[in-house]
Amino acid sequence: MRRLLCPALLVVTACGGNWSNADLEFSAALPWRRELGSTLPTSASTGQPLSRQDGLNAGEPSQAYVDTKKAVTDFNGLLDFFLGVIDTVRAQPPSSRADEARTWGPFVAADLPGYQFQVTITRTASEPRETFAWSIQARRFGEADFFDLVRGDFQASPETVRRGVGTIEVPVKEVRARATLPAELQQLDRVSIGYQTSTFPQTTQMGFTFAAGNPIGLSQGGYRSERREDGAGALVFSLSSLDPNLRRATVRSRWLVDGSGAAVLTVDEGTYRGATRSECWNAQYKVTWFKESWPGGKESGRQADCPAGN
Numbered sequence: 001m002r003r004l005l006c007p008a009l010l011v012v013t014a015c016g017g018n019w020s021n022a023d024l025e026f027s028a029a030l031p032w033r034r035e036l037g038s039t040l041p042t043s044a045s046t047g048q049p050l051s052r053q054d055g056l057n058a059g060e061p062s063q064a065y066v067d068t069k070k071a072v073t074d075f076n077g078l079l080d081f082f083l084g085v086i087d088t089v090r091a092q093p094p095s096s097r098a099d100e101a102r103t104w105g106p107f108v109a110a111d112l113p114g115y116q117f118q119v120t121i122t123r124t125a126s127e128p129r130e131t132f133a134w135s136i137q138a139r140r141f142g143e144a145d146f147f148d149l150v151r152g153d154f155q156a157s158p159e160t161v162r163r164g165v166g167t168i169e170v171p172v173k174e175v176r177a178r179a180t181l182p183a184e185l186q187q188l189d190r191v192s193i194g195y196q197t198s199t200f201p202q203t204t205q206m207g208f209t210f211a212a213g214n215p216i217g218l219s220q221g222g223y224r225s226e227r228r229e230d231g232a233g234a235l236v237f238s239l240s241s242l243d244p245n246l247r248r249a250t251v252r253s254r255w256l257v258d259g260s261g262a263a264v265l266t267v268d269e270g271t272y273r274g275a276t277r278s279e280c281w282n283a284q285y286k287v288t289w290f291k292e293s294w295p296g297g298k299e300s301g302r303q304a305d306c307p308a309g310n
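For the sequence shown, position 262 (counting from the first letter as 1) is numbered 262 according to the working numbering, and the numbering increases by one without interruption.
A few of these clues could be false.
[Said to hold, decoys possible] List of simulated lysine-lysine pairs, DSBU-like, C-alpha gap at most 30 Å:
#1 K298 <-> K69
#2 K298 <-> K173
#3 K70 <-> K291
#4 K286 <-> K69
#5 K69 <-> K291
#6 K286 <-> K298
#7 K70 <-> K286
#8 K70 <-> K298
Hints in this document: simulated from the structure, not taken from any laboratory.
Make the full structure from the sequences, and use the hints.
Following this line, the structure appears as structure tokens:
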């Protein structure tokens with residue numbers, strides 16, 4: 001049932017003709033996945049456990065890079081999951097128009113019989129800046145009312161409607177009352193995303209509110225991504241481990257355009273709560289400096305060999 005939020009193939013059952021300039025302004029209010037995602041230079045690499053008892057040595061493959069790479073992949077995958085239908089909308093003009101609104105659809109999903117989908121965008125203000133509200137909606141065949149799968153708002157920058165500040169909400173608990181959700185969403189009540197693309201660094205924050213009694217025992221979690229104009233970036237994310245010393249940790253990673261970077265892991269739960277593990281890697285994704293602050297922690301390499309700005 002994963003396709004309820006991201007239909008693989010949508011077919012328009014109503015046609016709106018050609019694009020107008022006003023149509024383009026409305027469609028620009030929808031988030032662009034490539035501008036919200038995180039970009040980390042990648043290399044084939046094997047995973048390692050979260051905590052190595054012997055520490056890491058300079059010149060070995062970087063565990064912090066591997067963890068950051070996985071977090072970036074997961075973060076971008078969630079954006080694709082929640083916003084995938086938007087690319088379909090941008091491929092065709094709206095199906096219906098009003099003075100301050102546009103609608104795309106209804107659509108049918110080839111791999112999800114029984115549901116119709118639509119996307120609506122409404123201009124809620126013109127001054128001091130263009131402001132829009134939008135939603136991706138669904139309904140079962142035979143039902144009159146659509147319900148929100150994903151909704152958001154967007155305020156354009158003064159320079160262009162293509163850039164601005166926006167929020168996105170996935171009201172998982174509400175949707176769960178209307179439809180069967182994929183397993184990965186059963187433990188959530190809400191997903192909220194905030195972003196700004198007006199100026200660099202561009203940022204995206206994704207937060208999760210977990211359902212009571214979820215099997216992983218969390219109440220909240222999330223990511224924060226940063227993209228700089230030169231291609232450098234950063235990501236803040238959480239890690240879990242079976243190691244009783246590092247049950248849960250927050251990682252703050254930064255990288256340069258050549259792929260070199262640094263990360264600081266701070267232990268949030270476990271015997272070593274409050275302790276840190278710092279690691280830098282070079283453009284070949286090899287450790288240049290490594291240090292654990294907990295009792296008996298290891299240190300290897302030179303901090304002076306960390307990438308500039310890290």
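Comparing the hints with the structure gives:
At most 30 Å may separate the alpha-carbon atoms for a hinted pair to count; K298 and K69 meet this at roughly 23 Å. Restraint check for K298 and K173: not satisfied, since their Cα atoms lie roughly 45 Å apart, outside the 30 Å limit. This hinted pair checks out: K70 and K291 have alpha carbons roughly 22 Å apart, not beyond 30 Å. At roughly 14 Å between alpha-carbon atoms, K286 and K69 fall within 30 Å of each other, so this suggested pair holds.
Using a Cα cut-off of 30 Å, the hinted pair K69 and K291 holds, with the two alpha carbons roughly 20 Å apart. Distance check on the hinted pair: K286 and K298 sit about 17 Å apart at the alpha-carbon level, within 30 Å; holds. Annotation: proposed proximity of K70 to K286 holds, straight-line Cα distance about 17 Å (limit 30 Å). Straight-line distance between C-alpha atoms of K70 and K298 comes to about 24 Å, which keeps the hinted pair within the 30 Å bound.
Hint 2 from the list above is the single one not met by this structure.
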